[in-house]
Amino acid sequence: MLEPEPELKGHGRPLNDRVALVTGSSSGIGRAIAIELARAGANVGVTYHSGREGAEETADAIREAGGTAEVCQLDVADAKSVAACVETITRELGPIGILVNNAGIDGDEATVASIALEEWDKVIATNLRGNFLCTQAVLSDMILARRGVILNITSVHDTIPWAGHAAYCAAKAGIAMLTRSLALELQNVGVRVVALAPGAIATPINAEVRDDPDMMADLKTKIPMQRVGKPEEVARIARVLVSDDASYVTGTTVTVDGGMTAYPSFSHGG
Numbered sequence: 129m130l131e132p133e134p135e136l137k138g139h140g141r142p143l144n145d146r147v148a149l150v151t152g153s154s155s156g157i158g159r160a161i162a163i164e165l166a167r168a169g170a171n172v173g174v175t176y177h178s179g180r181e182g183a184e185e186t187a188d189a190i191r192e193a194g195g196t197a198e199v200c201q202l203d204v205a206d207a208k209s210v211a212a213c214v215e216t217i218t219r220e221l222g223p224i225g226i227l228v229n230n231a232g233i234d235g236d237e238a239t240v241a242s243i244a245l246e247e248w249d250k251v252i253a254t255n256l257r258g259n260f261l262c263t264q265a266v267l268s269d270m271i272l273a274r275r276g277v278i279l280n281i282t283s284v285h286d287t288i289p290w291a292g293h294a295a296y297c298a299a300k301a302g303i304a305m306l307t308r309s310l311a312l313e314l315q316n317v318g319v320r321v322v323a324l325a326p327g328a329i330a331t332p333i334n335a336e337v338r339d340d341p342d343m344m345a346d347l348k349t350k351i352p353m354q355r356v357g358k359p360e361e362v363a364r365i366a367r368v369l370v371s372d373d374a375s376y377v378t379g380t381t382v383t384v385d386g387g388m389t390a391y392p393s394f395s396h397g398g
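Using this note's numbering, the final residue of the sequence shown is 398, and nothing's skipped along the way.
Derived by calculation from the structure, the hints in this document are not laboratory data. Some hints could be false.
Dumping the calculated BS3-like pairs for lysine-lysine here, alpha-carbon to alpha-carbon at most 30 Å [as the list claims (entries may be wrong)]:
1) K208 / K250
2) K348 / K358
3) K350 / K208
Turn these sequences into a full structure, and let the hints steer you where they fit.
As structure tokens, this is what we get:
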């Protein structure tokens, strides 16, 4: 059986036999969340967009430790793909009671004045439309069961502007407001909706920055804790938020950023 992390000792397996679908779980934060939820007892649907090998590695890590995982291909921006993946996970593992909307892209760097419409649409479709489609696909079973959790992975850039990445920021801010609005719609049916906003986390997407001493030095000036976070640090918070330990938490965003949104440039006064 999966051995619990130290934080879980004495608390059993809080997600025992629950079914979780974690989008974009072939690497990075999504992989860490999928493994952490399995460690807490969940049966996990692992998804990938194009790299099945990474998803299989995530699933293998879960299975080798005694957990249950099912892999499916998923284009979150395509309604048919979403419906097919949800059907597969439901058939193989059972009704989905936990959805982690993690899949996303930051897109190519471009100003609003210069960005191609196709690039703008791709970022919005993956990050915001995809979140909506996956959420809508699982809601009927959650409402019927009068139990469920939707965890939306946003970003500190739902609050902090990022020149050259306006589409990404707009999508993430949209997810934050979708979280709040949906929480109100579901307030009386036993389904919670929460967002989790990571800051700078060590994943393949920012490897170039972490490998460049000058870029890393600049990044650290933006983080009061003076380091990049680990995917597992985000995953542990995700595990709490989707468990009954967070039964009174809905319609809000929890930030995991080492203090980045605390405006570190003001640490020495204005």
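Against the structure, the hints:
1. Taking the CA atoms of K208 and K250, the gap is near 17 Å; set against the 30 Å cutoff, the hint holds.
2. Pair hint K348 plus K358 holds up; C-alpha atoms about 14 Å apart against a cutoff of 30 Å.
3. For the given pair, K350 sits about 41 Å from K208 by alpha-carbon distance, which is inconsistent with the 30 Å threshold.
Checked against the numbered hints above, the structure breaks only hint 3 and satisfies the rest.
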